[in-house]
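With the hints as your guide, set chain B onto chain A.
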Amino acid sequence: EAGVAQSPRYKIIEKRQSVAFWCNPISGHATLYWYQQILGQGPKLLIQFQNNGVVDDSQLPKDRFSAERLKGVDSTLKIQPAKLEDSAVYLCASSSGWGTEQFFGPGTRLTVL
Amino acid sequence: AQSVTQLDSHVSVSEGTPVLLRCNYSSSYSPSLFWYVQHPNKGLQLLLKYTSAATLVKGINGFEAEFKKSETSFHLTKPSAHMSDAAEYFCVVSDSGGYQKVTFGTGTKLQVIP
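As they're listed, the protein sequences go chains A and B. Residues in the first sequence are numbered from 8 upward in steps of one, following the numbering used here. Residues in the second sequence are numbered from 79 upward in steps of one, following the numbering used here.
Okay, chain A solo, but in the shape it has when bound (with noise of 0.2 angstroms):
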C-alpha cells in the first residue's frame, strides 16, 4: 500500500511570496489533514476534509492560507503572501474515518526568508 505522498519536500522563499503544497493521501481514505509544525512544538491543525467537504477549519489563517480538495483526492495547500512566521513543516495525513490511524506524508519544510 503506497502512503501518504508530498511535495516538495522544501521550499525556500522570500516573504510576501506565494507558495503551494501537494497532497495525494492513501487510495480510499475519506479524511485528510493539513497540520503545521513549527520546531520545538506539535502539529497544529490547519484543515481537515471529509471527502472534497471542509469539515474543520478554525485554526486556518484565512487571510492568506487557503486549501482544497477537488474530487475527494488529492489536495493543495497555498500560502500568500507568505510571513517569516510561516517557516514550518506542513503534515498531511490521511485516515479512513473517525478512531482510525492517521497516516502523515514525509512533509514540506518551508523556510520563509
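Quick caveat, the hints were computed from the structure, so don't treat them as lab data. Take every hint as true, because none was put in to throw you off.
Listed next, the stretches of chain A that the computed footprint assigns to chain B, with coverage defined by at least 3 CB atoms under 8 angstroms from CB atoms of chain B:
id: 1; region: 39-51
id: 2; region: 111-120
Which chain B residues stay away from chain A? Per the calculated CB distances, all over 12 angstroms, these:
id: 3; residue: Asn102
id: 4; residue: Ser106
id: 5; residue: His160
id: 6; residue: Asp163
id: 7; residue: Ile191
Ranges of calculated distance between the beta carbons of each label pair, as one might list FRET restraints:
id: 8; chain 1: B; residue 1: Tyr107; chain 2: A; residue 2: Gly35; range: 22 to 32 angstroms
id: 9; chain 1: B; residue 1: Lys187; chain 2: A; residue 2: Ser14; range: 23 to 33 angstroms
id: 10; chain 1: A; residue 1: Glu92; chain 2: B; residue 2: Lys187; range: 18 to 28 angstroms
id: 11; chain 1: B; residue 1: Pro96; chain 2: A; residue 2: Ser25; range: 42 to 52 angstroms
id: 12; chain 1: A; residue 1: Gly47; chain 2: B; residue 2: Leu98; range: 17 to 27 angstroms
Remember, predicted model here, so these are calculated numbers, not experimental data. Even glycine gets a Cβ: it sits at the ideal position worked out from N, Cα and C.
Using the frame of chain A, we list chain B on its own:
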C-alpha cells in the same frame, strides 16, 4: 470543546528503567485517543490507540496506555526504556461528535540516558 494536555515537556530516564509520559484530555463526546511518536527527522508514527474497547491498550515496541475516564487520563508507559525510545511523543484526542475534530498535545520529549 476538546483539549489535550501533556503534563511534561521533557522526561529523562535511564536505560532499562520505566517510562511514564502523562496525558490528560477533555472531550464533550466519547473520545478516541492516540499516542504518536516522532523520531528526529522522521515522520509521525502511531504507537497505539483507544477507541472505546479495552481500557488497557497495547502498542508497538512494548508501549501501553490505560484509558481512565474518571481521571480523564491516557498515560503512556513502558516497563523498560531502550535507547531507541528517545523521541518526541504526542497525545492526540479525537471527538466522536459531529465534526470529529482532532487535537494534538504539545509533545513530550523523551531522553534516555545510557
